[in-house]
Amino acid sequence: MKRFNPDRDAPEYKGGHAPYDIVKEGTIALVVVVILTVILATVFGSPDEKQITIKTWSNSMPVDFATTAINEMNGTTTTSGYGPPYNHASTGQQIGFLHLAQWVGVRIPLNTTQDFVVKPLESLPAAGPLSASLSAWNAAPKSQRNAWVAAITKVSAKLTFSAGHVVVPSASDGPLPVMIDSLTAMARSGALDQALVTGHGFYTTDYTKVLLFLSDGSYLANLADHQHLTGTQWGMMNETGQYPGQAWLWLYTFWYQVPPYSSSWSANADAMVWATMMVLSVGLLLVPFIPGLRTIPRKVKIYRLIWREHYQEQ
Amino acid sequence: MRVFLHLAALVPLDHLGHYIHWHWIYLSVANFIVICLMVVTFVAALLLPFPGRRSRKENR
Amino acid sequence: MSTEIDRQWTTRLRRRVEGKLPPEKMLPDTQPAYVASWIYVFGVTTLAALAVVIGTGCILAIRGPQWWHQSSYGHFVNSLHLWSVEIFFFAMVVHLWGKYFMAAWRGGRSLTWMTGVVLFLTSIATAFTGYVSQTNFDSQWISTQAKDGINATGAGAYFNVLNLGQMLMWHIVLLPLVAVALTALHVVLVRVKGVVPPFEEAAKAEVSA
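Residue numbers (the working numbering), protein chains in the order written: chain A, 1 to 314; chain B, 1 to 60; chain C, 1 to 209.
None of these hints come from the bench; they were simulated from the model.
One thing to keep in mind: the hints can contain errors.
For each label pair, taking beta carbons as the anchor points, the in silico distance ranges come out as [stated by the list, open to error]: (1) Lys24(A) / Asn136(C): 39 to 45 Å; (2) Val155(A) / Gly165(C): 50 to 56 Å; (3) Leu174(C) / Ser131(A): 42 to 48 Å; (4) Leu182(C) / Thr78(A): 32 to 38 Å; (5) Gly81(A) / Arg191(C): 50 to 56 Å; (6) Leu293(A) / Ala44(B): 22 to 28 Å; (7) Lys57(B) / Gly165(C): 55 to 61 Å; (8) Arg298(A) / Val11(B): 52 to 58 Å; (9) Val11(B) / Asn146(A): 20 to 26 Å; (10) Asn136(C) / Glu122(A): 27 to 33 Å; (11) Lys119(A) / Pro12(B): 19 to 25 Å; (12) Ser55(B) / Ser71(C): 46 to 52 Å; (13) Gln51(A) / Met26(C): 44 to 50 Å; (14) Glu313(A) / Asp29(C): 20 to 26 Å.
Straight-line C-alpha distance at most 25 Å; calculated DSS-like pairs for lysine-lysine [to be verified]: (15) Lys24(A) / Lys25(C); (16) Lys24(A) / Lys55(A); (17) Lys193(C) / Lys20(C); (18) Lys193(C) / Lys14(A); (19) Lys25(C) / Lys14(A); (20) Lys142(A) / Lys55(A); (21) Lys154(A) / Lys25(C).
Not close to chain B: a few residues of chain C, all C-beta gaps over 12 Å, as computed [what the hints assert, rightly or not]: (22) Asp6; (23) Gly57; (24) Ala91.
These numbers come from a predicted model, not from an experiment.
Cβ coordinates follow ideal geometry from the N, Cα and C atoms, glycine included.
Next up, chain A with everything else stripped away, as it sits in the complex (with noise of 0.2 Å):
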């Protein structure tokens, strides 16, 4: 016979059982459920931020807009140096030696400059100044290229826009000015909105170019730093508005808080906390084999109250 483990075995039960109508609690507890539902829905509503496009963002800021397009082509959005599953620009997140996203590697490629400035830009209609423009890319070596880029790179903290143009301060740039200033009018017209959506074809679901532009820019972020929304205001477990977020969420959001996820962990933050997490989350998975942590509900004793019938009766 096993030796007795309180906090394994259960005692086995020689009292009395009661009636138990478990189809009326049921349906109780669906009309309760319903009840209480339709009242918070009535009373409260639910929240519908109106979604964001480009051409609202380069409208708004058409500045920021014409920045991040030209950091696109540099190199320094969060996107151009992302590494995997995007490109190879950097080696991505890592777990001490586990480098998880490097080993599955780049599955959705993107290049920045081409998907998200060329590409957009040769959909358009050919037009004197930017089909020149477009060619004189094309046909420039590498090297030239990023020497045009690393000039307009130079003067981009000095863009103005005036008159529906972006205005870009005299560089040895090339073509870029034309291509800037045009991808920042197809983006005020919405155009852009749709050829990086349907750059995957005509039918498709798929919006990753679209939003990682928008996530580099400031607008969507600004937007949500005003609700409250981003990470060092624990906005994972956050709503727009005053609604109830995400409270569940609230030890995920936790980690990224406190050093050394913050500090020295907080360029592989990301990568860490899943771990943390994933490592807890096993850890409730197994709490009935878990020493320690299964003795916790008898030795603090709230079980008491729950069957305090009971231990009175015996």
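Here the structure of chain A is known, so what remains is to put chains B and C in place on it, guided by the hints.
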């Protein structure tokens, strides 16, 4: 379905939320209320008497 | 001597199921007298909330993912879906707390506990895919942020949170199937094993399961 036009959100929560900011803890009032309600509900469930005591006593 | 009928898979399966879960155990009309606390209602409340979540989700599916932006009735159904999800998680977490402090895994019930934990995690994943399927600012922000965590694990190469179609199908097909199957298993396990008995306050007891 005109009734739904009028019923939609009697108390809409679309205005910017209030937040509790204490050291590095940053919690929306809405989430705080939900968490408090959960704790209160749990404690109430432990403490409130459950109906049917006589029936259970008779069947022990 | 076993007959041909006895040897059938059908017969053997039926007898096995009947043995483990006869009708009076599947739908019992009594419970042990120690089932006498309001904490016990949170499991069935979670189940009820799941039914409302799925029901309201089905109504949203009838008119498609854009409907709720265009129609007040649709927006109301979306609100029903959101609040039933809040009630679902509320009840599930209170149920989890209760089951932990009862040490409800005792007596051979560890699989019941484990299916519950997997259900909790599955629910979080289901809610997440729902949030990124809203087709509004919220889903734009959540997806562009969440991608970093998922990409860091390598899973982002195949589970693309920026792909609305993929996320929506995980939300309305794959994850609900897993959730419903696990819920059925979880409930059947509770019926088969019965509700966990109280801790014995006396010194010794023999192992019951």
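Any hints this thing doesn't respect? Which numbers, in order? 2, 8, 9, 11, 16, 20, 21 and 24
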